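K.L.:
Okay, here's what each chain looks like letter by letter:
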Amino acid sequence: MIVVEDLHKHFGGFHAVDGASLEIAKGSITGLIGPNGAGKTTLFNVIAGVLQPTSGRVTMDGEDITGLPPHELFHKGLLRTFQIAHEFSSMTCRENLMMVPGNQSGETLWNTWFGRKRIADEERALRAKADEVLEFLTISHIADLKAGQVSGGQKKLLELGRTMMVDAKIVFLDEVGAGVNRTLLYTIADAIKRLNEERGYTFVVIEHDMEFIDRLCDPVICMAEGKKLAEGTLDEIKANEQVIEAYLGTGLKNKDKLEADA
Amino acid sequence: MSDNPYQDDHGNKDASITNLKGAGTMQPAHQKSGPTHKVDGGPFLIGDTMTGGYGKGPDILHDCTIAVDKGEIAVIVGPNGAGKSTAMKAVFGMLNVRSGTVRLDGEDITQLTPQDRVIKGMGFVPQTSNIFTSMTVEENLEMGAFIRTDDFRDTMEQVYDLFPILRDKRNQPAGELSGGQRQQVAVGRALMTKPKVLMLDEPTAGVSPIVMDELFDRIIEVARTGLPILMVEQNAKQALEIADKGYVLVQGRNAYTGTGKELLADPEVRKSFLGG
Amino acid sequence: DGHAKEVKLGILLGFTGPIESLTPHMAAGAEMAAAEVTASGKLLDSATVTTMRADSACVDNGIAIASAEKLLAEGANGIMGSDCSGVTGAVLQNVAVPNGMVMISPSASSPGLTTMEDNGLFFRTTPSDARQGEVMAQVLKDRGVNSIALTYTNNDYGKGLSDSIKSNFEAVGGEVTIVAAHEDGKGDYSAEVGALASAGGDVLVVAGYLDQGGLGIIQGALDSGAFDTFGLPDGMVGDSLPTNVGPDLDGSFGQIAGSQSKGAEVFAELAAGKDFDHTSAYVGESYDAAALILLAMQAANSTAPADYAAKVLEVANAPGEPINPGELGKALEILAAGGDIDYQGATGVELIGPGESAGSYREIEIKDGKVTTVQYR
Amino acid sequence: MTDTMKHTLLFVFVGVMILLEGMTDVLFFSGSWNSALVILNMGLISAIMAIGVNIQWGFAGLFNVGIMGFTALGGLAVVLVSTPVIPEAWSSGGAGIVMALVMGALTVVAAVMITKFMPAGRLRALVLAVVMIAGFFVYRAIFDPSVSSVEAINPALQGNIGGLGLPVLLAWPAGGLLAAGAAWLIGKTALGLRSDYLAIATLGIAEIIIAVLKNEDWLSRGVKNVVGLPRPLPYEVDLQNDPSFVERAASWGLDPVTASTVYVKAGYALMFTVVLLALLWMAQMALKSPWGRMMRAIRDNETAAEAMGKDVTRRHLQIFVLGSAICGIAGAMMTTLDSQLTPGSYNPLRFTFLIWVMVIVGGSGNNFGAVLGGMLIWFFWIKVEPMGILLMELVTSGMAEGSALKAHLLESASHMRLFTMGLILLLVLRFSPRGLIPEK
Amino acid sequence: MDLLNALVALTNFVIVPGLAYGSQLALGALGVTLIYGILRFSNFAHGDTMAFGAMVTILVTWLFQSVGLSAGPLPTALLALPFGILGTIALALFTDKTVYRFYRQQKAKPVIFVMVSLGVMFIMNGLVRFIIGPGDQRFTDGERFVISARTFKKLTGLDEGLAIKTTEALTVVTAVIVVAVLFWFLNKTRTGKSMRAYSDNEDLALLSGINPERVVMYTWMIVAALATIAGVLYGLDKSFKPFTYFQLLLPIFASAIVGGLGNPLGAIAGGFIIAFSEVTITYAWKKVLTYGLPDSLAPDGLVQLLSTDYKFAVSFAILIVVLLFKPTGLFKGKAV
Ligand SMILES: Nc1ncnc2c1ncn2[C@@H]1O[C@H](COP(=O)(O)OP(=O)(O)OP(=O)(O)O)[C@@H](O)[C@H]1O
Ligand SMILES: Nc1ncnc2c1ncn2[C@@H]1O[C@H](COP(=O)(O)OP(=O)(O)OP(=O)(O)O)[C@@H](O)[C@H]1O
Ligand SMILES: [Mg+2]
Ligand SMILES: [Mg+2]
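Chains as they are written, first to last, in the working numbering: chain A, 3 to 264; chain B, 367 to 642; chain C, 10 to 386; chain D, 34 to 473; chain E, -14 to 321.
Read the hints as simulated data drawn from the structure, not as lab findings.
Be a bit skeptical, because a hint or two may be false.
[Claimed, not checked] In silico lysine to aspartate or glutamate, EDC-like type, Cα no more than 20 Å apart, as pairs:
#, chain 1, residue 1, chain 2, residue 2
1, C, Lys283, D, Glu444
2, B, Lys379, D, Glu444
3, E, Lys178, B, Asp610
4, C, Lys283, D, Glu434
5, E, Lys92, B, Asp516
6, C, Lys17, D, Asp344
7, B, Lys560, B, Glu542
[To be verified] Looking from chain B toward chain D, a few residues come up when the C-beta cut is under 8 Å (computed):
#, residue
8, Asp374
9, His376
10, Gly377
11, Asn378
12, Ile383
13, Lys387
14, Glu628
15, Asp632
Quick caveat: nothing in here was measured; it's all calculated off a predicted structure.
For each residue, glycine too, the CB sits at the ideal point set by N, CA and C.
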């Protein structure tokens, strides 16, 4: 579905992404792992249009989407969530969802003055849809709270909910797990799985938590130094010498010393 | 967005009039230090039955107690928003503690400013933005030693011995280092004060497994020098494995307390907080 | 009714804003005339003249109009003002004409004001730029100057004057190497001086103000050795200029409105002891403007603008007994007796056509740090 | 006291102040209806400007410090639309000027094209330089002689290319359009910069606009000012000479002068109120619709809004253009009210920073707040001087007559204006930081 | 062809005034940039702070002059300068204590500080006029010239003169010294480093035991000193009038931004860029070219790119061009 060909992104002399090529299959939940600074987030940002690539090509369903701005990618069905929740904090949770769909006639100034009837109809439909999504995520009770006031996990769910307001094709998740309590994380994992199964969303997930990856992802891609290092099922990756050396490591060295002390 | 009207900038980010880089969010509870007094016994560092919140906002901590004794590693775990970071800030004097006390080494320091707590021997490594990115590694360490008036070159050598990679990069701006190296600078900076106790807020968040192991190794090493360590961790399993003492906070209250092993073994805790 | 009558004179000047440094002196000049009249006790049954200052802000029509309305509400019988052409036009169109109020401006010299529908209510004691351009060209020519560089303060006064100097000087065969504007109130004039110096010329004519940009330009030009002789139109003539610039200014020349009557010297003597700077720009004009209003009232034997507006030209121009500053009492007496006066005042007032000063000019030269009269033109 | 009540009271306060100005002459009031209406009229215009700035700042966090420039463009529109056509100007140089401007625009377009479509390198730089320099000289070659011929026509009174001779009311929307066009150009450049530098860009470009107005005499006579602009209302003098009006005035018990001046001012007040209400309605409707929701989302979090398919740059541009257009309309209205355009009178303190004070004091993000701020601050702007004099007289009443300090204090009273504005601003920012009528 | 005269003419009318004006702008821009870097907002009141500093210095200068104190060939104002600096520091600290500190405690957003500074600007504006009045104040004394145009011509026998005013020389020398001291202070001293640390990361500075209020205090003191020095040098070289200082705000901001806001090096470069662009783009090159080129090529016209009316516009056009190509200014901004 998404094909990245020989992508480069340089910051000055520094090659953050250095010739990455990878493919993401339709309907998959692809895990993206790799050491800090491997260029995962940068790769994401280039695909999602936040950064312009230095060279290389990104295609989606055969269409060249290299360097398109995020809002255009959104309309093509490519969505993303953020490592740190980016909720619209002064708006209610419901409004957070209602604002998502594009091409609302109420977003045209002219209509706000002279097309009020049409807006009212559209708003009713949107509202129903938003409530449905909140229901799905089991957070109906926070619909009227300001999004800035709900808990971190609820914000993450809300982010996920936004992707459900439209017919997304592919969703990029950047470290959903960082700083999230495990129990909540697995609730999110379940939601992701359901979306994948029920709605056919494709997911790409950056994560450092192997258990999370284990629950969700197949295949897993490991990046290092701006390139793809390995790809396969998690077990294959875990067994990969290069990956162990660059990323996974072999556990604590000092643990025994500690126990000896105690 | 908070409800503080002074923090409403309407989303303005115009670089010609505002500089958002490095702006602080922490607010010391006291502008001037109050009196301290001696108390007997108790652990080396303890935030005792603390209740309090940010500014005039609601209480976030409720009778929360966390403590660490000499030679120990104490770990705080709990769901997001439980108040773990808040508890750390309260111990460090960044929070209006409405009741309860903070005691260090037999002295009640509840009324001190953060700076004075640093002088009393507390070292703190925050969760994010914990280095001076525009300054060199060495300057970062120097800033760690800011409150010291004596010669701190020895300490700096010790830090370099502990984190050899930093010696190689001493004249490089810290912002150019990788995530793991940055964390080392951050811990090194805190060690420069020769603290009597070290507090770490999620040192391994967003860090790859290999770097996480490396960091835990270093932390254990530091602890072995006799320095008590109080830290917040999301990677609860690994953290509790190396912990002497563990606290589980829920909604600002102590939910479970015990040794690391005990908590790991507790089925309730495992189910609710460690993902089974 | 037992009480001496009170005549209220509004002084509408920009006490804040770009020319805030000039206006206190101008207002003091006008108040001096009022005080002189009051002291004489000869105005309309020994009326006292009360002056009321109001701020025009020079560049804020809103404030100017509101201040003018306030003056009217407080019962002003005439308005001495306003100063900057913009606010003067605004007040004239929106307050004075609709209310039939007489306004005499000491400093607004925009040609546009000449043709404005004023119902015979608006006058000014500042001379027309067109006439001064002619005189300046002649002065330059007579002194054998062949080429000049020209700089003007970027407002209607400077622009109008420089246009007139340029066309007149070229008409008598002179060459204008460059015309460059300068902004008042912006301390640095290196760019202007650089451009002027590069263009060259025998003399640098500075159509500005002696305590604003004009001074900065002269100083810069002298310091860098770009020019050592300067042509000084009326806005630049005053004792403060040689004092501030120093002996290097000696030999520079120019002209200022004035006639044989030596009104200017008399005025200088009269004002010498007072605590304001009478050499600052437009102080004499302000004195004259205030005096004209009061004299016209006397001539019409009324303080109603509708009555005395028509008399302004009469008292200002010949025929009649010439009146210098300090002789207001005498003038009032003559008028009361039904006589005729020709007010000269501090600036040799001569109003032509639609009420502006035509004026004869006094050619001056700076000698030994003093402004000296060469001849009258 | 509920918020609504408090806010209503604030409006009532301003209203009462203006009424008192008309009715009584105690304290600092002048007891003249003319004076009250003068304050009201400029207050209404200020309120409109404040709405424009509030849309930009309150809705979208755009910090526009170039309000002066847009206001001036509105003023220019009045000259270009409503002054009579000057055929000689067009026949002598008008065409040349238009041609030169088109040339200049073409050069810029060509330069942009070259940077867009030619590969970067030495050749591109060379071609670019050649095109720019050649374009500049061709432009000057056509422009300069045309300008001098236009400026030569009756320079004392005209010397510019004149206007279209259309009704002056048309100039109001035209002023909006002109300001919108300029705002579009500025926004395209400044909002497109990688970091946002809108503030300094607007500050600078406003100065440039004023420099052009002051120095391009062919356009609007530069510093020589355009006076006697047409009016949408009759002249007072004509009314005073109209027997039927005088008769009607007499029936109200008014003398013709007062009746005519008040009549005209009230007429303006009515027109301004209509414009203000229309704009207020439009702003409120937009704010309460999905458009407003989208703008709030963008304000809350640009990155997320962008990821949710909202074209942030375009929306910022839209709102910047809209707000500027409103300032342009207000500028045109002000020039109409003054009946003259005086480029020299535009300065940032009055036309930019004062409007900011209005918006902040009124309540950023709230249109009603902006209106209140506009009216209230304008009232103080005018009335602080008499208040200051009153205060100084009070303070100095104990001092000896003729003491230097007393004289100095009394003379300094007019400088209380800026001082007071600062004080009000600081007090509001301190005790009611969201303004007197805060955003909900 | 006469290269020597061309060079002298250029030096006299472009380089010397450009250097002096550039130094004055640079000193002003340094103050703006320090506030921006450390206190994180653009201080609209900076122009008026400069006016206040100059005013205090003038008042003290008058006092000295009246008792006959003088600095020989140098302006008396130099003696009064320390007092001016002290006065301005007092004002800055007072303003901080009564106004800004509250917002710091509230952790107010930088843009709120900008608005607050707007209020402070209005107040100072009124205050200065209240004390010294709106008029022009002259306080220059001492020797006028290091070398005057006439002397130079006599000495060298060239057609063109070269004048260097005492105030110009003084401006440049002072600026160099001040900048050197400032850089030494920021990069080498403990306090300077703590200021950089605070600018980099406020929270971490606090955790390192750096007292934020101290840093803020030092910043205001340095900025007040810089503002006073800039204000006095400008006043000495040109003239003092409160109104002009407000007008200076714009080129000062332009300088700071061209150079890269928050970067002291950038402020200095920016000051000179703005000053020289104002002078050179509106300069009529006729004279220099006439001297410099062979007679056959000598220009007829003025060879002036733009008339001086647009000198302000020029600095802004340059600003925008710089930002288009270097979005954070010439020297990467935001690092003290
Ligand atoms: N805007 C930028 N300018 C300069 N360097 C950058 C920029 N953004 C990222 N980098 C550098 O690019 C490298 C890759 O960063 P990236 O954020 O993509 O890593 P990552 O794989 O997401 O790491 P992590 O797991 O820590 O999030 C890092 O060394 C980073 O310092
Ligand atoms: N500066 C602040 N002002 C007001 N409320 C705050 C502030 N910081 C945190 N809070 C609130 O305090 C509560 C506890 O937050 P805290 O950061 O202590 O949680 P935590 O346990 O550290 O969570 P995490 O694991 O996500 O770091 C949350 O509800 C949060 O919204
Ligand atoms: Mg990342
Ligand atoms: Mg935390």
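K.L.:
Now, for every hint given, state plainly whether the structure supports it.
P.N.:
So, going through the hints one by one against the coordinates:
For the given pair, Lys283(C) sits about 16 Å from Glu444(D) by alpha-carbon distance, which is consistent with the 20 Å threshold. As the CA atoms of Lys379(B) and Glu444(D) are separated by approximately 43 Å, the hinted pair breaks the 20 Å bound. Only pairs whose Cα atoms come within 20 Å are accepted, and Lys178(E) paired with Asp610(B) is rejected, the gap being roughly 38 Å. Among the hinted pairs, Lys283(C) with Glu434(D) is consistent with the structure: their alpha-carbon atoms are about 16 Å apart, no more than 20 Å.
Of the supplied pair hints, the one linking Lys92(E) and Asp516(B) is violated, its CA atoms being roughly 33 Å apart against a limit of 20 Å. In summary, the hint linking Lys17(C) to Asp344(D) is not supported, as the alpha carbons are separated by about 63 Å, beyond the 20 Å threshold. A C-alpha spacing of about 26 Å is found between Lys560(B) and Glu542(B), which places the hinted pair above 20 Å, so the restraint is violated. Taken as an interface hint, Asp374(B) checks out: its beta carbon lies about 7 Å from the nearest beta carbon of chain D, inside 8 Å.
A least Cβ separation of about 4 Å between His376(B) and chain D falls short of the 8 Å threshold, and the interface hint therefore holds. The interface hint given for Gly377(B) holds, since its Cβ lies 4 Å from the closest Cβ of chain D, which is under the 8 Å cut-off. Restraint check, Asn378(B) versus chain D: the minimum CB separation of about 4 Å is within 8 Å; hint holds. Annotation: Ile383(B) was flagged as interfacial toward chain D, and the flag holds, the nearest CB pair being 5 Å apart, inside 8 Å.
The beta carbon of Lys387(B) is not positioned within 8 Å of any beta carbon in chain D (closest approach about 11 Å), and the interface hint is therefore violated. Nearest Cβ of chain D to the Cβ of Glu628(B): about 42 Å, over the 8 Å cut. The hint is violated. Given the 8 Å rule on beta carbons, the hint for Asp632(B) is violated: about 39 Å separates it from the nearest Cβ of chain D.
In this structure, the earlier hints numbered 2, 3, 5, 6, 7, 13, 14, 15 are contradicted, and the remaining ones agree with it.
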